[in-house]
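Undergrad: This is what each chain is made of:
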Amino acid sequence: MGECAHERCRQNWALRRTRDRVFSQSLPKTTDQHEAWTLSETEHGLLTASLRGDFDEASAERLDLTLRDRLAAVPPGSMVLLFDLNEMRRCSVGAREVLAGLQRHVGGLARRTAWVTNRPIFRGIALWVCHCAPDSNARTFPTAAHANGWLESSGAREILLRESAGEWVGRLRGRAIYAKEAS
Amino acid sequence: MSGLSLVQRSFVSAMRALTRLSAGYDMGPIQEEMVRIHGVRGAFRLMKLGAEVTSTLVDAVGDYTAQTLIGIAALWNGCRYCVIGHIYSANLHLYKKTGKIGPLDEDSLIDLMYMTDTESYEELAKTFSGPEDAELWSLIDRMFQLRFHDLTPREGNDDLLKATLAYWEWLNECTIILGVDAKPGHVPALGYMRPSSELIQGYEVARKAARAAATEG
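Protein chains in written order, with our numbering: chain A, 547 to 729; chain B, 776 to 992.
Source of the hints: derived by calculation from the structure; they are not laboratory data.
Please note that a few of the clues may not be correct.
Among chain B residues calculated to face chain A with C-beta under 10 Å, some are [as the list claims (entries may be wrong)]:
#1 ILE812
#2 VAL815
#3 THR831
#4 ARG855
#5 ILE885
#6 MET888
#7 THR891
#8 SER895
#9 LEU935
#10 GLU948
#11 VAL955
#12 ASP956
All of these numbers come straight from a predicted model, not from anything done at the bench.
Glycine residues also receive a C-beta, built at the ideal position from the N, C-alpha and C atoms.
Make the full structure from the sequences, and use the hints.
TA: Structure below.
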C-alpha cells in the first residue's frame, strides 16, 4: 500500500499510519504547553490540541497564535488536526468565538479537523465552532475512535450528514411500503 | 436576512409564517440558517424529512416517547435548543394525557449535558427506572448503543432509532446557532403540539410543586 502511486491511496496510507501512532499513544515529535492546553505533533502529520479546565478567551488567543504559527510552517493540506476537549470543564463565550476564528483559519490549511469530546455540552460548542467557521472539513465526535474514519475520508460534513439522514429515512420508507404490501 | 436572495428571503418568511401557524411558535433565525446552508430546495427537503421521521416515530411509539427520544438524540449532539424544546414537549404531552409530570425535568438538562456520555447514560437510567418507563428506557438504551457503540441495526425499531439519530444530527447543524446558548424557559414546546395556555400553566404549577417536594425530600 505504501508503494502505491495513486495519490489518494498514499494519503490514506499516511493517515492510517498517523492514526495508528497517535491512538496507540506514540510520543509526540514536538510539544507546546500552556496552563489550559497542550499542542503536540506526531511524526506523521497529526497535530493534537488538548484543551482542559476552564478555557477562557486569553487561553484561546494563546492557542490561536501558537497553532497559526505551527501551521504556517508546513505546506497546506499536509496536517490533520484533532482538538481533544475531554479534559475541558468550562468554555467561555469569548473563547468559543476565538476558536471559531481559529477553525476558519485552519480550515484553509489543515486537511481535516476532528473535535473530540465525551461531554455533549462541548460537542455542542464544537459543532457551533465548525458551523460558524464555516468549515465542512471539521466535525465533532464522542471519541477519538469515532473520528478515525473522518480523518481518513474527504467528503464534506453537511453532505455526509444529509446522505446519512436520507439513507435511514429511505429505509423507513422501504419498510412502510413493505408492510403495506404485506398487509 | 443578510446574504439571502429575494427568493430565499420570501421562502424564509413563508416558512416562518407556516411554522407559526402549524406549530404555534417561531424558530427565529433557524429557518434562515437552513436556507443559507442548504438553499431553498435543501431546506424544504430538510423540513419534509423531519416531518416524516417525526410522524413515523409518533405512529410507532406515541407522542411522549417520540418527543423524549428526539430530545435525547439532540442532547447527544449538544443542541440545547432541541433537547429543551423536545423534552418540554414530551412532558406537556404526558401531562395532557395523564395529568402526571415526566421524570426528566427541563431544568436538569443542561447539567446532564455537562456530564460525560457514560455519566449521563447512568443518570438517565436512574431517571427512567420506574416500571411505567420500562419500554421508553429500552428504546433510549438501544439508541445509546446505536449512537455510541456502533451497534449494527437489527431489532424491530433500530431503523427508526437510526433515522432519528441521523436526521437530528443533520438538523442540529442549523439549530446549533440557537442551541449553543438556549436555556429552559426560553424555548417553545417543539414539534407540532400547539399547547394551550391552560395546559402550559397547569404543567408549570405541577412541575414547581414536584421541584419543591424534591427539594424538601
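Undergrad: Does each hint hold? Answer for all of them.
TA: Quick rundown of the hints versus the structure:
1. ILE812: 7 Å, holds
2. VAL815: Violated. Min distance 15 Å.
3. THR831: Nearest chain A Cβ about 6 Å off; hint holds.
4. ARG855: 6 Å, holds
5. ILE885: 7 Å, holds
6. MET888: Holds - the Cβ of MET888(B) comes within 10 Å of chain A, reaching about 4 Å at its closest.
7. THR891: 5 Å, holds
8. SER895: 7 Å, holds
9. LEU935: Holds. Min distance 6 Å.
10. GLU948: Hint on GLU948(B): holds, closest Cβ of chain A at ~6 Å, below 10 Å.
11. VAL955: 4 Å, holds
12. ASP956: 8 Å, holds
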